[in-house]
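Novice: Chain by chain, the residues run as shown.
There are 2 protein chains.
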Amino acid sequence: MRARLKDIAERAGCSVTAVSLVLNNKADSIPDSTKQKVLQAAEELNYRPNQVAVGLKKSRTNTIGLIISDVSNNFFATLTKGVEDESNQEGWNLILCNTNDHHKREKEYIYTLDDKGIDGIILCLAKEDDFGKVQGTVDLLNQLNIPHVMVDRFVTDIEGYFVSVNHEEGGYLAGKYLVEMGHINIGCITGPKNLEDSRDRTRGVCRALEEQGLDIESVRFYPGNYDIESGEMGAEFLATKGVTAIFAYNELMAYGVYRWANKSGVRIPEDISVVGYDDVAFADILHVPLTCVRQPVYEMGRESVRQIIQMIKTKERKKEKVLFQPKLMVRGSVSHIKL
Amino acid sequence: MRARLKDIAERAGCSVTAVSLVLNNKADSIPDSTKQKVLQAAEELNYRPNQVAVGLKKSRTNTIGLIISDVSNNFFATLTKGVEDESNQEGWNLILCNTNDHHKREKEYIYTLDDKGIDGIILCLAKEDDFGKVQGTVDLLNQLNIPHVMVDRFVTDIEGYFVSVNHEEGGYLAGKYLVEMGHINIGCITGPKNLEDSRDRTRGVCRALEEQGLDIESVRFYPGNYDIESGEMGAEFLATKGVTAIFAYNELMAYGVYRWANKSGVRIPEDISVVGYDDVAFADILHVPLTCVRQPVYEMGRESVRQIIQMIKTKERKKEKVLFQPKLMVRGSVSHIKL
Numbered sequence: 000m001r002a003r004l005k006d007i008a009e010r011a012g013c014s015v016t017a018v019s020l021v022l023n024n025k026a027d028s029i030p031d032s033t034k035q036k037v038l039q040a041a042e043e044l045n046y047r048p049n050q051v052a053v054g055l056k057k058s059r060t061n062t063i064g065l066i067i068s069d070v071s072n073n074f075f076a077t078l079t080k081g082v083e084d085e086s087n088q089e090g091w092n093l094i095l096c097n098t099n100d101h102h103k104r105e106k107e108y109i110y111t112l113d114d115k116g117i118d119g120i121i122l123c124l125a126k127e128d129d130f131g132k133v134q135g136t137v138d139l140l141n142q143l144n145i146p147h148v149m150v151d152r153f154v155t156d157i158e159g160y161f162v163s164v165n166h167e168e169g170g171y172l173a174g175k176y177l178v179e180m181g182h183i184n185i186g187c188i189t190g191p192k193n194l195e196d197s198r199d200r201t202r203g204v205c206r207a208l209e210e211q212g213l214d215i216e217s218v219r220f221y222p223g224n225y226d227i228e229s230g231e232m233g234a235e236f237l238a239t240k241g242v243t244a245i246f247a248y249n250e251l252m253a254y255g256v257y258r259w260a261n262k263s264g265v266r267i268p269e270d271i272s273v274v275g276y277d278d279v280a281f282a283d284i285l286h287v288p289l290t291c292v293r294q295p296v297y298e299m300g301r302e303s304v305r306q307i308i309q310m311i312k313t314k315e316r317k318k319e320k321v322l323f324q325p326k327l328m329v330r331g332s333v334s335h336i337k338l
Numbered sequence: 000m001r002a003r004l005k006d007i008a009e010r011a012g013c014s015v016t017a018v019s020l021v022l023n024n025k026a027d028s029i030p031d032s033t034k035q036k037v038l039q040a041a042e043e044l045n046y047r048p049n050q051v052a053v054g055l056k057k058s059r060t061n062t063i064g065l066i067i068s069d070v071s072n073n074f075f076a077t078l079t080k081g082v083e084d085e086s087n088q089e090g091w092n093l094i095l096c097n098t099n100d101h102h103k104r105e106k107e108y109i110y111t112l113d114d115k116g117i118d119g120i121i122l123c124l125a126k127e128d129d130f131g132k133v134q135g136t137v138d139l140l141n142q143l144n145i146p147h148v149m150v151d152r153f154v155t156d157i158e159g160y161f162v163s164v165n166h167e168e169g170g171y172l173a174g175k176y177l178v179e180m181g182h183i184n185i186g187c188i189t190g191p192k193n194l195e196d197s198r199d200r201t202r203g204v205c206r207a208l209e210e211q212g213l214d215i216e217s218v219r220f221y222p223g224n225y226d227i228e229s230g231e232m233g234a235e236f237l238a239t240k241g242v243t244a245i246f247a248y249n250e251l252m253a254y255g256v257y258r259w260a261n262k263s264g265v266r267i268p269e270d271i272s273v274v275g276y277d278d279v280a281f282a283d284i285l286h287v288p289l290t291c292v293r294q295p296v297y298e299m300g301r302e303s304v305r306q307i308i309q310m311i312k313t314k315e316r317k318k319e320k321v322l323f324q325p326k327l328m329v330r331g332s333v334s335h336i337k338l
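From first to last, the protein sequence lines stand for chains A and B. Everything in the first sequence is counted per numbering that gives the first Met the number 0, starting at 0 for the first residue and increasing by one. Everything in the second sequence is counted per numbering that gives the first Met the number 0, starting at 0 for the first residue and increasing by one.
Quick caveat, the hints were computed from the structure, so don't treat them as lab data. It is possible that some hints are incorrect.
Since the list can't tell identical chains apart, any single copy or any two copies may satisfy a pair.
[Stated by the list, open to error] Below, computed lysine-lysine pairings styled on BS3-like, alpha-carbon distance capped at 25 Å: (1) Lys262 / Lys103; (2) Lys5 / Lys314; (3) Lys34 / Lys5; (4) Lys5 / Lys36; (5) Lys326 / Lys262; (6) Lys240 / Lys175; (7) Lys262 / Lys175; (8) Lys36 / Lys126; (9) Lys103 / Lys314; (10) Lys337 / Lys314.
Predicted, not measured: the structure shown is a model, and the values here were computed from it.
Start from the sequences, fold in the hints, and give me the full structure.
Specialist: Quick look at the structure:
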């Protein structure tokens with residue numbers, strides 16, 4: 000049972016008022032011997048102030064809400080770890096919410112978190128969110144006056160604070176490397192069409208090809224969905240189009256390409272080369288370690304917390320887009336084609 | 000800005016008392032037309048009761064704390080997903096805490112969660128917890144009168160409610176399968192010695208061997224730590240001992256065996272066979288899909304929530320050990336040795 004002021008007063012043999020004064024550092028008028036007794040009794044009884052009551056008084060709960068798609072996906076698990084580590088370090092707590100990529104659940108969670116009196120929300124937009132839905136979410140956050148940071152998924156024309164990665168550069172790194180390795184028939188397994196981060200990777204790939212004087216219309220696209228199965232189907236489709244290399248726009252879809260290759264007896268990289276994206280899971284334990292564009296996901300989680308805490312403290316709603324830089328991790332899944 | 004009763008009263012053109020009565024369903028004496036106006040104004044202003052205040056009144060916050068080692072580990076990410084999905088379905092929220100396997104952080108989190116007024120805690124004991132430390136944690140939870148369920152890691156002689164897996168049976172399934180496949184020189188990469196779940200797997204392996212009239216002293220053990228690196232080192236060590244098969248006591252260490260095999264040019268399963276444990280990650284995308292003992296981790300997460308909610312509601316502290324059954328997933332990483 001949580002100790003109350005009354006319990007401490009009984010043990011210390013003084014009044015509840017005296018206990019309250021001592022524990023709130025207002026005990027100027029109280030003898031030192033009583034003070035000592037109160038503090039000792041409080042310690043013995045494991046007394047800790049009721050933070051729900053404190054939260055009501057201060058109207059701050061030192062709690063952040065994190066809304067993501069699915070924590071069992073390595074990308075979001077790594078992000079969550081970063082968010083939680085930074086929160087813990089700064090003395091904040093984290094309420095975790097998974098939307099399973101449903102816009103409806105996203106809005107429900109915003110209401111719930113507001114009900115809990117959280118001080119700010121870090122949000123990764125649901126996969127199905129188009130421009131209108133994102134605007135709806137941001138409007139709701141503003142209407143409820145909740146400080147918020149959007150992480151990972153990114154919409155240029157929405158005003159807000161975003162922490163993401165320069166995905167145009169990420170696509171460029173993958174495209175440039177494939178061209179340097181002699182690949183001119185490239186297939187891309189993209190993310191959902193409504194997501195800007197997917198379109199940005201495509202822009203980057205095209206820039207890399209144009210720089211080398213290659214025809215960007217030669218690139219084959221398969222519309223994936225960021226899950227393993229769509230990677231598998233994408234590989235099956237692209238293989239019939241004569242591509243020599245596949246760039247999967249996230250790591251799970253690259254794993255789907257591996258799964259398809261295992262099943263079909265296709266060799267990576269001898270028969271087909273693969274580049275993945277994210278680099279948050281097990282790229283290096285694969286039989287042919289996966290060459291990958293790396294996103295600093297853990298760091299993005301930490302940065303989001305730094306920003307949200309600052310916004311909460313300063314009461315300033317910053318509108319900025321902070322982009323981390325991706326990095327190409329060359330391993331063994333791309334072969335060098337001699338022209 | 001969150002709407003207050005005063006804002007609704009202004010918009011509806013009535014008193015704050017009337018608003019309060021209507022919103023708390025105590026408006027018998029208030030004309031229907033006023034009721035309608037109040038409800039409409041509340042909706043237009045997006046009014047929602049302040050749950051921090053409600054929590055104080057009811058002394059229940061409908062929030063559960065989940066304390067785990069590390070959410071970026073697939074095992075815990077899957078567990079967390081199960082916990083969050085069940086909580087969401089039942090209308091509860093989740094505060095997530097990572098201990099990074101430090102006992103000290105485990106205790107700090109219990110205090111913090113208690114401060115937040117959470118109603119119950121689901122806890123996975125830190126890897127370094129020996130019997131004394133576990134007892135200390137459980138004593139603290141009891142002293143603070145916090146309903147709690149311990150999930151995954153298991154201590155027989157501690158009183159409490161545990162949700163775990165029958166790891167003796169899991170070890171038995173792995174051992175029996177290896178013997179059936181003709182392996183008599185078996186190496187095991189164990190978990191930390193202080194963990195009962197690791198010792199249980201060993202007991203199961205020994206039972207399987209004894210059933211077949213094999214000498215249990217022929218089994219080679221390498222003391223692992225449940226991380227990839229210790230799997231890699233374990234494989235390197237066991238390979239020098241002439242084993243034909245390695246049983247890694249979790250999935251990450253099995254991945255470590257794969258990494259070692261990749262680096263050393265050793266073929267799985269032609270040169271060495273591997274059985275893993277957990278089956279929460281990417282066992283089936285590996286070049287040689289990993290044969291694995293499967294734990295129903297997601298289901299364990301859901302079950303823990305069902306139990307904790309029941310304990311909170313009934314105020315009964317149940318002391319039980321609920322064991323899920325493991326299952327062997329046969330894939331391609333074990334070869335058949337002809338004797």
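Novice: So, for every hint listed, does it hold in this structure?
Specialist: For each hint, the structure was consulted:
1. Lys262 / Lys103: Neither, since 37 Å and 47 Å both go past 25 Å.
2. Lys5 / Lys314: Classified as between; 23 Å across copies, 37 Å inside a copy.
3. Lys34 / Lys5: Close inside one copy (15 Å), not across copies (42 Å); limit 25 Å.
4. Lys5 / Lys36: within (14 Å within a copy, 45 Å between copies)
5. Lys326 / Lys262: Classified as between: cross-chain Cα gap 24 Å, same-chain 30 Å, threshold 25 Å.
6. Lys240 / Lys175: Within one copy only: 21 Å inside a chain, 46 Å across chains, cut-off 25 Å.
7. Lys262 / Lys175: neither (29 Å within a copy, 28 Å between copies)
8. Lys36 / Lys126: The answer is neither: 58 Å in one copy and 38 Å across copies each exceed 25 Å.
9. Lys103 / Lys314: Cα proximity of Lys103 and Lys314: none, with 28 Å in one copy and 34 Å across.
10. Lys337 / Lys314: Cα proximity of Lys337 and Lys314: none, with 59 Å in one copy and 72 Å across.
Comparing the model with each earlier hint shows violations of hints 1, 7, 8, 9 and 10; every other hint is respected.
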